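S.K.: From first to last, the protein sequence lines stand for chains A and B.
For the first sequence, the residue numbers in this note's numbering are 784 to 1029.
For the second sequence, the residue numbers in this note's numbering are 26 to 619.
Treat the hints with care, since some could be wrong.
Stated by the list, open to error - Using C-beta positions, here's what the derived DEER-type ranges look like: (1) A:Ser929 / B:Val600: 40 to 46 Å; (2) B:Pro327 / A:Gln930: 44 to 50 Å; (3) A:Gln930 / B:Arg41: 37 to 43 Å; (4) A:Ala979 / B:Ala585: 58 to 64 Å; (5) B:Glu312 / A:Pro818: 43 to 49 Å; (6) B:Leu395 / A:Met1006: 54 to 60 Å; (7) A:Asp962 / B:Leu395: 39 to 45 Å.
Hints were generated in silico from the structure; no laboratory data involved.
Since the structure is predicted, the reported quantities are computational estimates derived from the model, not experimental observations.
Just so it is clear, CB atoms sit at the ideal spot from N, CA and C, and this is done for glycine as well.
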Amino acid sequence: MNVVNAAVRVHGLVKNHGRGQGRVRAVDEVDLEVPEGQTLAVMGPSGCGKSTLLHLLGGLERPSEGEVWLAGRRIDTLSERALARLRRRSVGFVFQAFHLVEELSAAENVELPALLAGRSRREARRRASLLLERVGLTGRARHLPSQLSGGQRQRIAIARALANEPLVVLADEPTGNLDTTATLDVLRIFEDLRSAGQTLVIVTHDERVAATADRLISMRDGMFVDDTRLAGTGTGWLGGLIGLEG
Amino acid sequence: MGRIVLVVRLVLADVRRHKAQAVMLLVAVIAATATMALGLSLGGASQTLYEQTREATAGPDVVALVPDLGSPVAPVMTLLAEAPGVVAHNGPYRVVYATLTAHRVASLVVVHGVAEKPGVVNRPLVTSGHWVRAGGAVLERGFATALGARVGDHVTISGRSYPVVGIAVTAATSIFPWAPGIGPYGGPSDGGGLVWLTREDTRALASQGLPVTMALDLKLRDPDAAQTFIEAQHIATRVSFRTWQFMADQDTVMLRTTQPILVIGSWLLSFLAITGVAALAAGRAAEQTRRAGLLKAVGATPGLIAAVLLTEYLALALLGDALGLALARLAEPAIASPTASRIGGVGGPTGTVIVATTTLAVAVAVLSALRPTLRAVRTATVSALAGTTRRPRHRPWLTALSALLPTPLLLGVRLIARRPGRAVLHACSTAVTLIAITNLLTYYAEPRWGFAQHRGGWGPGLSGLPDMRADHDSRLLLAVTIALIALATVNTLTLTWTTAMEARANMAIARTLGATPAQISAGLSVAQLLPALPGAVAGVPLGILFYGQIITFPLFWIAAAALAILLATTALTAVPARWAARRPVAQTLSAETG
């Protein structure tokens, strides 16, 4: 196992929710390694443990058992403070419900991670401006989330996730709340990120999203039941089928 | 009927779910209404006590005091005793100005020389022991209480020792320490206690060369015309008259500063009650709006929803009002009669007082609950169910300003920008606390000259009696200040908790973006501390304004108190802020999504 080049690695990962009779094993003895630059899609039915796995990878939840490594550093033993600092530098989150700060404009939302990381206001603004351009929303910089469509909000959330140039972007059902057009916009951004060598872990129900990945893992009852390397260097055969290539 | 039952059931269910909030509303309303009821009842209570003492002791309608300055006094007294309108009299009798010592405490006193068998006018009521006899002294009850003297003790009056044979009350003099009425030789009085001796013992005492005034108690045909009677007397000799109305009014002097303490205290407590309950109501606004949406979805009318939401606050406020009035009724005897110079009971809050406190309680409920109720009623059902109402406003300049600050300040300023109204409430709450503390410290720092004190001092080994009015007022001021601090403390906790709960999604997002729990916790504290700063700064001058004329201003102590308030705010906010900051992020975000 090449630990140095793995952006994310987990070993014997277990996560239990609840206690006693009501205890549920959300993640069950999972081993995983995501090399730098890989786009990994995790699919499975609702409640199979996909989102919990993503939270464990980003240090939002602590495992019941097992190890989580991020950029060669074990993170499941870190304090909350150290985890927060690690997230600041190394992890970008994208959620199904966007989770934008409603009272901040699009640009202010994108600036926020840089400000939290201690960057100057000017630098945070410059970076936000670049990212908004990258997701095609320069003209919406001053808009509040409530003034944007779902697709635009998710693109803002992706820009925000990239604010501190993270090692890995963890996306939890990023197109779950979007219509087809907005989904395609988001998929194009993910494809750009993949091409740029950004490590991506995407939890999804949507096969169109999975088709953009280099690798697809299927989960059921907290366990991996399939691990497929998708062919080609583009968006895979399914990506071509839905028109993301060419 | 069914509609009322439904409203009651919904209200009870909600109260059961939010017991702590119901208790807080109750406590806040009890404190405010009890203080207001006490403040408004004091004047009437003093009057009631005087009238009951007057009734029980056959109190005179007019007391005439003529200083014995060498010229014959008897003809003047005879003239007054036989004046038209006089139906009975007591005296004339000697009033000797002396000093009394007991238990290493000294006091000025006036000694009334009385018959061993009182007449029909001015019959002091013996509450302990028995009436005067040769060689024995009876002490006025208010004075005896202040002195700590009991029947069987020995007191020394101007060098002569007397056993205390009884303790009594009278309506013929003002309450302790204003029993003398006039000073030696007709001059101003420094106050003093009242002692009764037999006529012979008083004559013997006066023979030491002590100043003497002759007194005559008069009963008039028309007691209400006492002032008219006085104005009709054209006597060449200098006579000081005291009407029963004057003495009743004099009783309220003891409470002259007590009333503003309680009334202003009740305003401040009411303000804090409104602040705290408004914070609670605002914190529950989102939940109440969703609840309103659910009720609308199953067919409830806006009227029914408004009734459910308002009834809860109104019912709790009215219960608090009733308990506050009951508390005031229990506390009133101790507060309205601090000297023990009067007997009887106080009648309890009058109709006017009940109307005033009930108005206050209703105002607390309505002012704090009306806005969230109206919002809940007006919100469209779908929006209410989705919980998408009441988004905070975008404040670009505050957001831009906060971007220049370190993370805790950035988070704190942005939290303030979300709900600036709440920050104003917190600033006002802090200002109110500082107003109370400034008044308390200034009151304690003011120099005081106690009553019944010898101007030249009492000499080694002896101390004077404490200033009862100052003691009474300082105790009340302390109690009101403690109540204010307690409410302000609860408000600070409530405001912090409400802010933390409302901003939990944003704080969870900030944590996914790399903010540490300590930064989140510090941000929540900063959001409370920043408004507290101007509150503390404004509270001191406002406190001075409320106090009025200040002789000694304890600048150091007030500055220390302001600093302590800010430190206490930091400490108080730290607990809920820390707790809120440690909530699992994933759980919070999932809850917000769901």
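S.K.: State for each hint whether it applies.
M.R.: Here is what the structure says about each hint:
no. : hint                             : verdict
1   : A:Ser929 / B:Val600: 40 to 46 Å  : 34 Å, violated
2   : B:Pro327 / A:Gln930: 44 to 50 Å  : 29 Å, violated
3   : A:Gln930 / B:Arg41: 37 to 43 Å   : 41 Å, holds
4   : A:Ala979 / B:Ala585: 58 to 64 Å  : 60 Å, holds
5   : B:Glu312 / A:Pro818: 43 to 49 Å  : 46 Å, holds
6   : B:Leu395 / A:Met1006: 54 to 60 Å : 55 Å, holds
7   : A:Asp962 / B:Leu395: 39 to 45 Å  : 41 Å, holds
Violated hints, in rising order: 1 and 2; the structure is consistent with all others.
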